[in-house]
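*Asks:* What follows is each chain in one-letter form.
2 protein chains.
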Amino acid sequence: MGKFLSVFSVRNMLVLSLALNVSLFLRVLVLHDSQDGSFIGLRFKKQNRQQEVTSPVSHSSSSSSSSSLTMAQGDEDRIINLDHGDPTMYENYWQKKGDETTIVIPGWQFISYFSDATNLCWFLEPEFAKQIVRLHKVVGNAVTENRYIVVGTGSTQLYQAALYALSPNTEAEPISVVSAAPFYSSYPLITDCLKSGLYKWAGDARSFSKKGPYIELVTSPNNPDGFVRHSVVNRSEGILIHDLAYYWPQYTPISSPANYDLMLFTVSKSTGHAGMRIGWALVKDKEVAKKMTKYIEINTIGVSKDSQLRAAKVLKVISDSCERSNIEQGDSFFEFSYRLMAKRWKQLRQAVHQSGLFSVPDFPPQSCKFLRCVFEPQPAFAWLKCEGEIEDCESFLRGKKILTRGGKHFGFSPKYVRISMLDRDKNYDTFVERMSTIRL
Amino acid sequence: MGKFLSVFSVRNMLVLSLALNVSLFLRVLVLHDSQDGSFIGLRFKKQNRQQEVTSPVSHSSSSSSSSSLTMAQGDEDRIINLDHGDPTMYENYWQKKGDETTIVIPGWQFISYFSDATNLCWFLEPEFAKQIVRLHKVVGNAVTENRYIVVGTGSTQLYQAALYALSPNTEAEPISVVSAAPFYSSYPLITDCLKSGLYKWAGDARSFSKKGPYIELVTSPNNPDGFVRHSVVNRSEGILIHDLAYYWPQYTPISSPANYDLMLFTVSKSTGHAGMRIGWALVKDKEVAKKMTKYIEINTIGVSKDSQLRAAKVLKVISDSCERSNIEQGDSFFEFSYRLMAKRWKQLRQAVHQSGLFSVPDFPPQSCKFLRCVFEPQPAFAWLKCEGEIEDCESFLRGKKILTRGGKHFGFSPKYVRISMLDRDKNYDTFVERMSTIRL
Chain Y
1 MGKFLSVFSV RNMLVLSLAL NVSLFLRVLV LHDSQDGSFI GLRFKKQNRQ
51 QEVTSPVSHS SSSSSSSSLT MAQGDEDRII NLDHGDPTMY ENYWQKKGDE
101 TTIVIPGWQF ISYFSDATNL CWFLEPEFAK QIVRLHKVVG NAVTENRYIV
151 VGTGSTQLYQ AALYALSPNT EAEPISVVSA APFYSSYPLI TDCLKSGLYK
201 WAGDARSFSK KGPYIELVTS PNNPDGFVRH SVVNRSEGIL IHDLAYYWPQ
251 YTPISSPANY DLMLFTVSKS TGHAGMRIGW ALVKDKEVAK KMTKYIEINT
301 IGVSKDSQLR AAKVLKVISD SCERSNIEQG DSFFEFSYRL MAKRWKQLRQ
351 AVHQSGLFSV PDFPPQSCKF LRCVFEPQPA FAWLKCEGEI EDCESFLRGK
401 KILTRGGKHF GFSPKYVRIS MLDRDKNYDT FVERMSTIRL
Chain V
1 MGKFLSVFSV RNMLVLSLAL NVSLFLRVLV LHDSQDGSFI GLRFKKQNRQ
51 QEVTSPVSHS SSSSSSSSLT MAQGDEDRII NLDHGDPTMY ENYWQKKGDE
101 TTIVIPGWQF ISYFSDATNL CWFLEPEFAK QIVRLHKVVG NAVTENRYIV
151 VGTGSTQLYQ AALYALSPNT EAEPISVVSA APFYSSYPLI TDCLKSGLYK
201 WAGDARSFSK KGPYIELVTS PNNPDGFVRH SVVNRSEGIL IHDLAYYWPQ
251 YTPISSPANY DLMLFTVSKS TGHAGMRIGW ALVKDKEVAK KMTKYIEINT
301 IGVSKDSQLR AAKVLKVISD SCERSNIEQG DSFFEFSYRL MAKRWKQLRQ
351 AVHQSGLFSV PDFPPQSCKF LRCVFEPQPA FAWLKCEGEI EDCESFLRGK
401 KILTRGGKHF GFSPKYVRIS MLDRDKNYDT FVERMSTIRL
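Protein chains in written order, with full-length UniProt numbering: chain Y, 1 to 440; chain V, 1 to 440.
Bear in mind the hints are in silico, worked out from the structure with no lab data behind them. Predicted model, so just to flag it, every value in this text is computed and none were measured. Do not rely on the hints blindly, as some may be mistaken.
No copy labels: a pair is met if it fits in one copy or bridges any two.
DSBU-like mimics (lysine-lysine), calculated; alpha carbons at most 35 Å apart, straight line [unchecked claim]:
id : residue 1 : residue 2
1  : K97       : K316
2  : K400      : K291
3  : K385      : K294
4  : K294      : K316
5  : K294      : K284
6  : K291      : K195
Take these sequences, add in the hints, and give me the full structure.
*Replies:* Have a look at this one:
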């Protein structure tokens, strides 16, 4: 009875906080800029920025300061923005965890630039390194033995560090960087942003035919389409970067520990803490790890200690939840998020079926060694196709006030769009409801 | 009597914690690589990195895990590393402040990529923006009215964001970036790191004669020599970036609020929290602020929320301490740090005088509107010259186990070295003691 009451009160709290959160989300009334294929496709309603910056504004993420504006809108009129993959879906889980993941940092600690001057990556917090190794061991998704860990300000910075480290810097012209389409829309932008003489985006790996050395990016499971990927160029002069941001059991069956030369991970998509801006690379070659560290030193003189400490705590709580789950049959982080993703994909497939205008990929079921069951991948993004005569799926959905990212940004057909599956419940539910009723 | 006792016990605690801190510092036994002019000129004793990364290591900055190793060394044999400007000097002050600057972040908060989607800089925490404006107003060192605030992963990232935003991107060749020598040694490295087609390091502004647009970096007070700086090229096609990292009252008299188009600041050198990796830019032009924000979006998808929140708290406590000091004649952060810097400069000048081999710059005294007194600048770095026949000052001091950064890294004569004035007391005291006894 006591347990029931405590569960009940936690649920009440959740409903209340959810309502508050929703009000904040509703502040983000955005219009999509279809010319911009970068991470954020936002334009802002408010014009007077000066006022915004100089006036006191609450920083609480459950702020309801503009709820009066947004609550007047009904769900049917509301713009649903699923363009970027903001992983706010995970908020509920962490709220339920209460103080377990709360971090306390005294003002005088972690002042120095250095975390551990004896480590190759001198700005890597030892506790974070420890928890990375532990989590990969618990989940079984990556080999950490004989690997150097390099921490980055998200895996975005680590991708650039890898390009810097892997570019020969001896050639007359920049090395080609390729990835099989559809590829993550930010890759070309990041690669060519500064018109580097070291490396240059060369597009779809499948049509790449230039001789000489090249870098191939392999994202597996792939962003945007969720499929398991392998390198496609397969020439002796190829250097591979494996972006494994989504190789976690809530998204895809864990078949075996990944064992590549250079693997990128991020907390944004594994635990949901995008605001931390923390990623890590597992690197086999010492010189490559050194050069990556050097890039991050030049680019930002290291990585926030505060976020590394917070990330260490979150990773620890996840590993603990997994180990407890084995003994007590309880709810581990990955079991919770796996079930939520399964529910969402079921909802989406039903909506797509009801509408009759769209399709989403089918994935072959596979055995997951971590969850010890067979399931179909349930990616963090839906790679939705507009069937029939709709040629520009992004525009079509924008007309229905659903903001997505069109296929052309991923080097693919505009009949496709990428849709984030990681938004808050309220937003996701409204989205699938609206999808199910869309007719031509 | 009660007050006396409490002061006594705080001092006891300080001595104890200082002893613990020193033991950590002593872990950092480094050899200097004179070929490397970048931020960190470190080589590591420990060879087996694998073990380091995979074994559990305490992350406490007061760890004494290797004190047995280092305590065996006497002060006379100890390597004093003052190559990089790690601002650990400030630890004492923040420790004394106790819980006032402690930050608590619940695991479920600040998960989103977004801080305030209505702001031009959508990843800027509103509370941090508020405290930046307040602190500049309290200190009177920069105009914030009609400015956009862009937050960065340290001012290093903001410098790159500024280059990205200010480069024309329409010219056939990259825009020249110049700064008057001696200039901050990292500028050339950062600028040319990726061989950008947008901008290119063109060296000493004083000898710059190329026609057409250019970017001039003005660091004031200057790193390494501490002098107040103004632009030197002065041509109509020049675009200026003002790096004001050291324009704070502990280092230099605050004559008036800086009022430039693009000003860079950082917590590393103002509050001492280098580990946070937080800086900010005050930007007059909206399009420039937008492009800087875009660069940081592409480079790292925003800036750690955790560190922004912590920085906000630290800035708030500093402003509070200044306002309280006005009323109660107490010890504000800047009064404390001003006095410590004054003491250190006095010690250094005495040591230099006693040795007879060196010189340091003399600065004209100026009136400080914030501290309401007249004083000589007391920079964060000493720009020391080896007089007489010593041609390579860095090598000479390395022979005395004092690691500094040689003049050539700053585009200047090797007779000069830059010495950090911001190290912990114990290390600084040993340094000046050793300096005073150096003979040819």
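*Asks:* For each hint given before, does the structure comply? Return the numbers of the non-compliant ones in rising order.
*Replies:* none
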